[in-house]
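Asker: Chains as they are written, first to last, in the numbering used here: chain A, 1 to 146; chain X, 1 to 375; chain Y, 1 to 165; chain U, 1 to 367.
For the record, the hints were derived by calculation from the structure and aren't laboratory data. Any given hint might turn out to be false.
[Unchecked claim] Dumping the calculated DSS-like pairs for lysine-lysine here, alpha-carbon to alpha-carbon at most 25 Å: (1) A:85 to U:85; (2) U:85 to A:8; (3) Y:61 to Y:128; (4) X:81 to X:95; (5) U:50 to A:143; (6) A:85 to U:50; (7) U:50 to Y:61; (8) Y:128 to Y:118; (9) Y:118 to Y:138; (10) A:85 to A:33; (11) A:8 to A:128; (12) X:317 to U:202; (13) Y:128 to Y:80; (14) A:13 to A:33; (15) Y:128 to Y:147; (16) Y:149 to Y:138; (17) A:17 to A:33; (18) A:143 to A:120; (19) A:17 to A:128; (20) X:155 to X:95; (21) U:50 to A:120; (22) Y:85 to Y:128; (23) A:128 to U:50; (24) A:8 to A:33; (25) Y:12 to U:202; (26) U:175 to Y:149; (27) Y:61 to A:143.
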Amino acid sequence: MTIPLSGKDVASKIEEKFPGSVVESSQDNLVVKGNFLLDAARFLRDTEGLDLDFLNFVTAVDYYDHFEVVYWLSSLEHNHSLTIKARCYDRENPVLPSVVGLWQGADLQEREIFDLFGIKFEDHPNMKRIFLWEGFAGHPLRKDFI
Amino acid sequence: MATGELSIYNLVKFQAIPPDWPGGFWWHWLFFTVVVIGFVLTMVMGVIYIERRGMGRMQSRLGPNRTGPFGLLQPVADAIKVLLKENIVPVAADKIVHWLAPVIAFAPALMIFAVIPFENGALLADLNIGILYVVAISSVSTVGIFMAGWGSSNKYSLLGAMRNVAAVVSYEIPLVLAIVGVVLIAGSLSLNQMVVAQDIPFILLQPLGFLLFFTAGCAEINRSPFDLMEADSEIVAGFHTEYSGMKFAMFYLVEYAEAVAISAIITTLFLGGWRGPLLPPWLWFIVKVMLVFFAMVWTRTTLPRIRIDQLMAFAWKFLLPMSLLNLFITALQVLADWPTQLIWAMIIVNFAVMAIIILIWSRFFFRLGWGRIEV
Amino acid sequence: MKFERYGIGIAKGLTVTIRHLLRHPTVNQYPEQRLNISRRFRGNELVWNREKCTGCGTCAKTCPQGAIEIVTSTDMTENKYVVDKYQVDTGYCIQCGLCVEACPYEALYFSHAYECAKYRRGELVQGKEDMLDRPERKVSGYFYPDKAKELPEQTMLVEKVTEKR
Amino acid sequence: MAVRTEPFVLNMGPVHPSTHGVFRMRATLDGEVVIDIEPVFGYLHRGIEKLAEQRTYTGITPLTDRLDYISSMSNNLAYCLAVEKLAGIKVPERAEYIRVIMAELQRIAALLIAVGAFLNDCGAYFTPFLYMFRERERIVDLFEMVSGQRLTYNYMRAGGVSQDLPEEFMPALRKFMDMMPRFMDEYDRLLMQNEILIARAKGVGILTGEQAINCSVSGPVLRASGVNWDIRKADPYSIYDRFDFDIPTQATGDCYDRYRQRVEEMRQSLRIIRQAMEQLPSGPVRAELPQLIRPPTGEAYARIEAPKGELGFYLVSDNSIAPYRCHIRPPSLINLTALRDMVRGWKVADLIIIFGSIDITVGEIDR
Numbered sequence: 001m002t003i004p005l006s007g008k009d010v011a012s013k014i015e016e017k018f019p020g021s022v023v024e025s026s027q028d029n030l031v032v033k034g035n036f037l038l039d040a041a042r043f044l045r046d047t048e049g050l051d052l053d054f055l056n057f058v059t060a061v062d063y064y065d066h067f068e069v070v071y072w073l074s075s076l077e078h079n080h081s082l083t084i085k086a087r088c089y090d091r092e093n094p095v096l097p098s099v100v101g102l103w104q105g106a107d108l109q110e111r112e113i114f115d116l117f118g119i120k121f122e123d124h125p126n127m128k129r130i131f132l133w134e135g136f137a138g139h140p141l142r143k144d145f146i
Numbered sequence: 001m002a003t004g005e006l007s008i009y010n011l012v013k014f015q016a017i018p019p020d021w022p023g024g025f026w027w028h029w030l031f032f033t034v035v036v037i038g039f040v041l042t043m044v045m046g047v048i049y050i051e052r053r054g055m056g057r058m059q060s061r062l063g064p065n066r067t068g069p070f071g072l073l074q075p076v077a078d079a080i081k082v083l084l085k086e087n088i089v090p091v092a093a094d095k096i097v098h099w100l101a102p103v104i105a106f107a108p109a110l111m112i113f114a115v116i117p118f119e120n121g122a123l124l125a126d127l128n129i130g131i132l133y134v135v136a137i138s139s140v141s142t143v144g145i146f147m148a149g150w151g152s153s154n155k156y157s158l159l160g161a162m163r164n165v166a167a168v169v170s171y172e173i174p175l176v177l178a179i180v181g182v183v184l185i186a187g188s189l190s191l192n193q194m195v196v197a198q199d200i201p202f203i204l205l206q207p208l209g210f211l212l213f214f215t216a217g218c219a220e221i222n223r224s225p226f227d228l229m230e231a232d233s234e235i236v237a238g239f240h241t242e243y244s245g246m247k248f249a250m251f252y253l254v255e256y257a258e259a260v261a262i263s264a265i266i267t268t269l270f271l272g273g274w275r276g277p278l279l280p281p282w283l284w285f286i287v288k289v290m291l292v293f294f295a296m297v298w299t300r301t302t303l304p305r306i307r308i309d310q311l312m313a314f315a316w317k318f319l320l321p322m323s324l325l326n327l328f329i330t331a332l333q334v335l336a337d338w339p340t341q342l343i344w345a346m347i348i349v350n351f352a353v354m355a356i357i358i359l360i361w362s363r364f365f366f367r368l369g370w371g372r373i374e375v
Numbered sequence: 001m002k003f004e005r006y007g008i009g010i011a012k013g014l015t016v017t018i019r020h021l022l023r024h025p026t027v028n029q030y031p032e033q034r035l036n037i038s039r040r041f042r043g044n045e046l047v048w049n050r051e052k053c054t055g056c057g058t059c060a061k062t063c064p065q066g067a068i069e070i071v072t073s074t075d076m077t078e079n080k081y082v083v084d085k086y087q088v089d090t091g092y093c094i095q096c097g098l099c100v101e102a103c104p105y106e107a108l109y110f111s112h113a114y115e116c117a118k119y120r121r122g123e124l125v126q127g128k129e130d131m132l133d134r135p136e137r138k139v140s141g142y143f144y145p146d147k148a149k150e151l152p153e154q155t156m157l158v159e160k161v162t163e164k165r
Numbered sequence: 001m002a003v004r005t006e007p008f009v010l011n012m013g014p015v016h017p018s019t020h021g022v023f024r025m026r027a028t029l030d031g032e033v034v035i036d037i038e039p040v041f042g043y044l045h046r047g048i049e050k051l052a053e054q055r056t057y058t059g060i061t062p063l064t065d066r067l068d069y070i071s072s073m074s075n076n077l078a079y080c081l082a083v084e085k086l087a088g089i090k091v092p093e094r095a096e097y098i099r100v101i102m103a104e105l106q107r108i109a110a111l112l113i114a115v116g117a118f119l120n121d122c123g124a125y126f127t128p129f130l131y132m133f134r135e136r137e138r139i140v141d142l143f144e145m146v147s148g149q150r151l152t153y154n155y156m157r158a159g160g161v162s163q164d165l166p167e168e169f170m171p172a173l174r175k176f177m178d179m180m181p182r183f184m185d186e187y188d189r190l191l192m193q194n195e196i197l198i199a200r201a202k203g204v205g206i207l208t209g210e211q212a213i214n215c216s217v218s219g220p221v222l223r224a225s226g227v228n229w230d231i232r233k234a235d236p237y238s239i240y241d242r243f244d245f246d247i248p249t250q251a252t253g254d255c256y257d258r259y260r261q262r263v264e265e266m267r268q269s270l271r272i273i274r275q276a277m278e279q280l281p282s283g284p285v286r287a288e289l290p291q292l293i294r295p296p297t298g299e300a301y302a303r304i305e306a307p308k309g310e311l312g313f314y315l316v317s318d319n320s321i322a323p324y325r326c327h328i329r330p331p332s333l334i335n336l337t338a339l340r341d342m343v344r345g346w347k348v349a350d351l352i353i354i355f356g357s358i359d360i361t362v363g364e365i366d367r
């Protein structure tokens, strides 16, 4: 059985390393600040005991006032999983750091989020629309897209 | 004409013109031209039927069975359908080359049959250099195929055409060397003479030569597993991707006419041509051609396709040295007069030699292809 | 490639294909030979029972495609709904079967007919009269096991084709 | 003298015999050698995630059929597991067993297509493909018997399955189970040891274990790279912890290994089905649920080991009858991440078979 890691425990570890990076945490997940996302992700991947080396998926949820990008990580070695989230409040030009450098599996999924939600991932090697064509107006999975 | 004078009339002599034909040579010529064209077209229809039905049954389905009794008219229906299609020429194509290519590819396929005997002496031209003529003519269609690939200005076509040229150039050599073994034993270059010389089918005397010829022949005419010039899963259709209508029909015809031609040559060289008991000679000939073609269908149904570098490696590292060895051994045997004196010993020895050579080669010397290239 | 097996692999493959040449082909000739379809067949035609229908509209609510349109009026004398319009645009239907499952009064079935191609999109719209439960329209057993028993058993490839060895 | 060459761009697809759907690869070639590749898709995009936000929880099940249309049962299962996780629904025992039988049959059917298509890409002219389709047909017949359709089954529901197995199902399944091992042996004889296939596929398109994990590759592709990771074992969903089966893995992670891996997995699936057939209890097949499911606010991620890899549904509920957000983790799309690393430096012919060995369905990429 895959054990879901407690968001609170991991949050305290991250907070220790990067003070002020965690926005909130609960039993199921933790939310980190966008500018600390890359550091936190690297910490989660490389720390002994966590070893979250497998990125199951990346997705985004539109909560009208903010976007929440969800990273579902797991470790094949220890067989545990963790959900971390990052929020962006800028609807016009949302930006988050890309995690492609850490997990290459995020490549196509971040492009997909860019296409369907309009969240731009910085330092992504190929930030283009993936399903829709260039010049398509709007981002279909946003809640305000009809 | 003085002997020793180097002229085409001296090199190419028409032998065995039946003296009892009214009008002599010209009637003979006209009659056999009609026969050859008719033979090729009907045989092509026959082999298409065999291929489609045989392949269907081997793939656990029925194959075409709606047109005519047992679907026998399917090739006709195919032909009519293809001929009625619109003729599409890509805008970027080189129009003249695109137009000429099927013609240039088709003519040689038909010309090969000029020297293939259907019966003793029953052939259009009994050239004394018949087999040389076959070898020379059969590689001309490559020019047509390359023109098709180049002229249609399509990348798939170009890839297919280049693969085809590379394959034909490489496989011509083992093909010819395999023939030379037969020529040594028969002591003649005329195909009719070769058949006459086959009291025992040469497949028994030249088992390795037969295998080499069959493989190289398959590669020359793009039959599986060497069909990578028109590999449908890779480059769509290869050189004839951009062809449609009549021109496509020509290529389709070339493909099968060449297959029939190679089967006919194999029959003539290795399987005793028109010779056989009970049945009339021409029927024996057709039956043998069909059998050889069926073997090609069989391999096509079963085998996957090899890669271009493996194709080249197979020709140069495997077939070429083996055909040289085969030639060398055969030459020694002919020198020692085995084909006339010790025929059974020769059969046994040659089969043993085949097994040993293939075994040794596969075991110690041979690697196919080189794999990944750093980019 | 090292010819580790000296062509034995190729020879094995060739025997498999040549054996199939002598076996029965596993295809059947469709317009002449017809197999029985599943007893629970979900086709693109619906059968509607006017007597059982109360006009509740559950089917229209469940339909994920919104292909069912139902208009009812009240019949004050008999104290029930009268279905004025009931039509299904089978062109939009994805044959999911949710409407048949949802119907609380067993008034909606799938039809067991399968050659229902039409020439125009408009003809795909099934009106009230087309959908009526008539004796000549066989009803599929989807979600109604008792109806399924009346239908011919499905022809299975497992049972039909015997391989000659 | 060095010959001056120039790379050229070859557009493979969207209409190409071996792109397995409406898929395009922009390949930059140097002669026959692939220098670079960029997958392009979106030709089949139907916006299933957006559609799902406007549908009831039950109404989404038919949509999931249309994701990976050759393994609809698996998609149904993954979605239903997600809804059950979200709403806390308990599934009856018999339904669980039926689900496992269906999911494993579906795995065999989908892997048969995967292997057949891969061999077809290798150039075996339709023979393995048709043989495998014949066996898939037998499975599809069984599915038709239980669900009434041959491709979009829509059989599972949140809280069980739509209806019980018909009485003639078990004998037919038993017959199929007796037949299948014989056919599997036949496929092995046909091409498994074929020298040409070995030459084409062995050592081609190697994906190492680390690379595979970094690229989030899952399913048979991951296991062929030597990573022992199967969600059925690692995170047992449904009742997979009750069955005895092995997770086959291969060593090198080349195309031949991926082919072998799929064949081995079919054998394991047969084992699971056999055990499930023996243990199948009687009882109800569907939990008593209201017409409209209204899960509490929250989020859930349920994943299964689909034939192509980890298929997951991430549902966010806002306590209404439709999900607030429904994200699908498509194994086909994510497995494609590794394609570029695998094909660079190989030839065009290898590009096709490497692509074929990943085994994608475009319906799932462009969902």
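Asker: Compare the structure with each hint and give your call.
Answerer: Going through the hints against the structure:
no.: 1; hint: A:85 to U:85; in the structure: 20 Å, holds
no.: 2; hint: U:85 to A:8; in the structure: 22 Å, holds
no.: 3; hint: Y:61 to Y:128; in the structure: 18 Å, holds
no.: 4; hint: X:81 to X:95; in the structure: 24 Å, holds
no.: 5; hint: U:50 to A:143; in the structure: 9 Å, holds
no.: 6; hint: A:85 to U:50; in the structure: 21 Å, holds
no.: 7; hint: U:50 to Y:61; in the structure: 19 Å, holds
no.: 8; hint: Y:128 to Y:118; in the structure: 18 Å, holds
no.: 9; hint: Y:118 to Y:138; in the structure: 19 Å, holds
no.: 10; hint: A:85 to A:33; in the structure: 9 Å, holds
no.: 11; hint: A:8 to A:128; in the structure: 36 Å, violated
no.: 12; hint: X:317 to U:202; in the structure: 20 Å, holds
no.: 13; hint: Y:128 to Y:80; in the structure: 18 Å, holds
no.: 14; hint: A:13 to A:33; in the structure: 15 Å, holds
no.: 15; hint: Y:128 to Y:147; in the structure: 22 Å, holds
no.: 16; hint: Y:149 to Y:138; in the structure: 12 Å, holds
no.: 17; hint: A:17 to A:33; in the structure: 14 Å, holds
no.: 18; hint: A:143 to A:120; in the structure: 17 Å, holds
no.: 19; hint: A:17 to A:128; in the structure: 34 Å, violated
no.: 20; hint: X:155 to X:95; in the structure: 17 Å, holds
no.: 21; hint: U:50 to A:120; in the structure: 20 Å, holds
no.: 22; hint: Y:85 to Y:128; in the structure: 7 Å, holds
no.: 23; hint: A:128 to U:50; in the structure: 20 Å, holds
no.: 24; hint: A:8 to A:33; in the structure: 15 Å, holds
no.: 25; hint: Y:12 to U:202; in the structure: 19 Å, holds
no.: 26; hint: U:175 to Y:149; in the structure: 22 Å, holds
no.: 27; hint: Y:61 to A:143; in the structure: 23 Å, holds
Against the hints set out earlier in the document, violations occur for numbers 11 and 19.
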